[in-house]
Amino acid sequence: MCFKNLPIAFDEQGNAYLKEDIANPYEYKVVDLGVEQDKLKSLMEKNGFIRSVDYDPVTRVAGALAFHSVVDLKEKKVLSTNSMATLFRGYEIILKGRDPRDAAYISSRACGVCGGVHATTSALAIEMALGIKPPPLGIVMRNILLAIEYLYDHPLHLFLLSGPDYSEELVAATNPELISKAGSKKAKNKAVHGYDTILDIMKDLNPLKGKLYLEALSMTRVAREAYVQIGGKYPHPQSVIPGGISVTVTPSTLNEVYTRLVKFFDYGQKTTGIWDDIFDFFLEEDPKYAQCGVRPATMADTGVWDRPDSYDGTFENCDKWGNDRWSTPGILVDGEVVTTNLTELNAGLEEFVEHSYYEKWDGQKYKTDANGMPLSPNHPWNKETIPKPGKQSWRDRYSWDTCPTWDRMPMEAGAYSRMYITAKAQRAPASQFLENTGHSMLINVPKYNLPEAQLEWKIPEHWNAFERNRARAYCIPYSAMVAMENWQLAMQLLRNGETAVSTPYEIPKTGTQIGFGAWGAGRGFLTHHLIVENGLIKNYQIITPSTLNAAPRAPWGAPGPYEEAVLNTPILEKYDNPEDYKGIDILRAIRSFDPCMPCTTHIMAKDTDHVVTREVTTCACGIE
Amino acid sequence: MLSQEKLQPVLVELSKKTLIGTVGYHVLGNHSMPPMLFPELQKMTLPDFVSVDELNWGPVAVIQMLEAEKPPFDRVIILCAIERPERQIGDLTVYKWEGGLPDEEQIQACVGDAATGVISVENLLVIGEYFKVWRDDVYLVDVEPGPEIAGEQLTPDMEDKIPEIISVIRSLAVGNLANLASITPLHSDHLFQENKIA
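Going line by line, the protein sequences match chains H and A. At position 67 of the first sequence (counting the first as 1) the number is 67 in my numbering, and the numbers step up by one without a gap. Count along the second sequence from 1, add 1000, and you get the number used in my numbering.
No wet-lab data here; the hints were simulated from the structure. Some clues are possibly wrong.
What the hints assert, rightly or not - Dumping the calculated DSS-like pairs for lysine-lysine here, alpha-carbon to alpha-carbon at most 30 angstroms:
(1) Lys233/H to Lys1006/A
(2) Lys1016/A to Lys211/H
(3) Lys203/H to Lys1016/A
(4) Lys233/H to Lys1017/A
(5) Lys1043/A to Lys209/H
(6) Lys1132/A to Lys203/H
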């Protein structure tokens, strides 16, 4: 029984049904956000004054997210938060009426980093809709391609985008008291990364000049070089298609991949050692850092990396092939796994637009899925994208992002969710390199230049900004080992003469076919919901990780994950005057999610007219 | 007849290893002129020391490619279409990059944008400068696109300019600067101002 809030129950045979005797089973309460705003206004008036603030994004090129906070700098706490997507992207509308085969190429453009995962998710949606099963080598090569995409993405996040928040330059400016402590604090993992003290690491995290920063830049190239062997080009691969891939795979192809992949064995060890040292230092020096960006471990993940002997693309078997993935799909509520079944993950999804610039749609074409599992009128298969630009108001609508929920709960997404659910659920089949203990994931990294090692990522007590980033670091060896295991499978398939990489198919000219693709982006959960009618796309709905994370308030008032995490963040930065306040704690909280767009935060200090503006740029992937 | 002593620098100038690159998003009307013109540029009859490539795959990746190029390109010509005030569609300006760097916060912003897939000539110039990949000459052939519109077509006034654009690029590629009306110096100070490099 995974649903607590949706009116879905299960009979003794495990068949889902809609609870009876409920007049409007999918009804929900809509709260007036104006009440909260009035309280805030009143509070601020008592203490001083309110200043008008320009909340337009200030990112120079492609600003797409703004974040507004009201901060009490005397009490050192955050009073109010609003996450705003400021750009309408509209891939759902672009795709409507097109040939489904266009979807992989067009939807791939939703992101400047993770094009491959959009293309793959799109291919999976078509495979489900049309019943296409790729050949084993096609599945395995897709796994390798997407594991490599993560190997580009994770170093980028850790060292180029989020890493500078923990650099000597930034820490000296915001918490100088930590610098002298870092100088005398010995690094525990020196044997792996070579740094004697925490300050030595911090110095090499400095943007543009630090060795770790520059090394990460060069590692992104190594990953791209491996990627293009399969994808043809990066970031928008040309070879990901429904039914597999469209590139000839030879031992030479795999050798070219291997020579790059092995470099991530050592890099994975080094990166986890670096971030373990840095985060342990912060948390030991001031335990209040454990509250930075803290929220319950309530997350969704689609799982990734299909087993070639299990994946058949069908909805009918998706619980089986989903649970057989190297990373387990599922829903985590406050640290507990409530389901690992893709059918339940799918059925619990809803999208709300009460605080977004969209019109509510009518109708509920799909009342159940193919198994009879009830679907909400707000489910992506029933949703329509109807843009409704309007005035921004904290009381009403303030974002182009929708509010996706699972079982009426805002869900967090991240690469770390992939690791957390997999480790906790212990459903993934046995692996040569990975072991899930229920409280940790053991990663056996083979020898390269460094000796072989067993790394252990442990499920943390508090789910906060530091633990998000720590888990992201462990996702490097995790992804590398999945790639390695699939590389071995690919070699075996070639030896067996199983060289087919794709399955031919035709788009039916008549009838309706539906499917959904579920695959993770570098920063987690990604679904594409597809309806094909008479050979053309009738409806296409994309939920990206940032759609989940950057969500505005739910209709019933629940904050989105960014909003909640920032609301819980204590202000630990040191400053003499409000004008000196830089907002580093809030920035760390937001950046730990790896917000999937050039994002700008605006923090308004209560009782002042001081607005802190900082870019939180990560990948250019957007919200619809 | 030039002496060998005088001829040598001229020959060097005329045979510099050169890259012609196009930068710009697709499907944005005139703003997409550079990638749309890329096939035409590839068809040009050019000396062996001149290469043509699309440089739309992210400034960091482009810089890493340039760093790995042995021997490096002596001359880089970038075709771009940036909307600027007080120009008519098709107005062509040739800039010569004079170098310089903005502050580090701006450079980090450029790297952040670049590493995450944003296509931008300014980012390319700054990141290239920071990582010291620009050698002797970097030129921008910048054509006014007018307002941004969706689509894969050029307006007639932009179409009319294509022969001139190709001619200018050819002149720059072979070091024949005498044919060019003017070349405007471009410094990093001008990149991030309100009206950019108008």
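Q.
Under the constraints set out in the numbered hints, which ones does this structure not fulfil?
A. Of the numbered hints given earlier, those the structure breaks are 1, 2, 3, 5, listed in rising order.
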